[in-house]
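Please build the complete structure, drawing on both the sequences and the hints.
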Amino acid sequence: MRLKSIFSREKGKEYRAVFKQQGFKGLVKKYGWKLIVAVFMYYLIRDSILYILIPYLIAKGLFSE
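Per this note's numbering, residue -2 is the first one in the sequence shown, and the count goes up by one each step.
What the hints contain is simulated information worked out from the structure, not anything from laboratory work. Do not take every clue at face value.
Stated by the list, open to error - Cβ pair distances, simulated, as ranges: (1) K26 <-> A56: 42 to 48 Å; (2) G58 <-> F16: 39 to 45 Å; (3) K31 <-> I55: 32 to 38 Å.
The beta carbon of each residue, even a glycine, is placed where N, CA and C say it ideally should be.
Structure representation (structure tokens):
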């Protein structure tokens, strides 16, 4: 399973349908922990860049002479 195929629109619709019908346990049972870990890592990396790295670089640029 490639990372790009995990986050496609079609797969997203499929994941949501399974989640609505069977809940979190059904989602994990059908797709495994790899999907959960991939989504968690995506948000961890995205939020780290958005809330830590960008403000740090802005502050470093503003306060350095």
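Now the hints, each set against the structure:
One distance hint, 42 to 48 Å for the beta-carbon pair K26 and A56, holds here, with the actual separation near 45 Å. Hint check: G58 to F16, Cβ distance near 42 Å, so the stated range 39 to 45 Å holds. Restraint check, K31 to I55: a C-beta distance of roughly 35 Å satisfies the suggested window 32 to 38 Å.
Checked against the numbered hints given earlier, the structure satisfies every one of them.
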